[in-house]
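Asks: Sequence:
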Amino acid sequence: MAAYTKEKYYDMLIALGECQGQLYVAARRYQNYIRIKQGIRWRQCNERNLQSVETVLRIVEQESKTSVRVIARKHDLSYFTFQRILKEEKLHAYHYTCVQKLREKDYLQRTIFWENFLRRVDKDPEFPSRVIFSDES
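Residue numbers 11 to 147, in this note's numbering, belong to the letters of the sequence shown in order.
Heads up, simulated DSS-like pairs for lysine-lysine below, C-alpha to C-alpha not over 27 Å straight-line:
1) K97 <-> K84
2) K75 <-> K97
3) K75 <-> K100
4) K100 <-> K84
5) K18 <-> K47
6) K111 <-> K75
7) K16 <-> K47
Since the hints were made in silico from the structure, they are not lab data.
All chains should be built: construct the whole structure from the sequences, respecting the hints.
Replies: So, in structure tokens, the structure goes:
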């Protein structure tokens with residue numbers, strides 16, 4: 011059994027009290043406290059650096075329809091790191107789903123629809139406020 015000084019016992023009890031008696035949490039806290047006290051620096055698990063940020067942004071532009079998990083796995087990045095980079099860059103991961111395909115005849119129908127819509131707006135400027143638009147499929 012290891013022989014501890016009174017100071018170490020005191021520090022252990024303080025850590026245990028701060029962690030409300032949770033032994034594993036207190037042990038981790040005490041280890042961090044010892045490292046800080048001794049001036050030991052440890053490597054943090056931070057995979058983000060300028061190169062990985064640039065890589066993520068480039069990949070997202072090129073492969074916008076591919077899953078975030080697939081891209082992260084393909085480029086040896088953590089999924090959570092990938093998500094964090096997207097969040098910091100104000101980008102959002104989304105799942106692309108193609109729900110319809112425009113055909114040649116659709117363009118004529120759309121043109122007719124918008125011409126009628128614009129005619130109605132000319133007659134009644136309040137018309138668009140009474141129309142409900144939806145992107146639901």
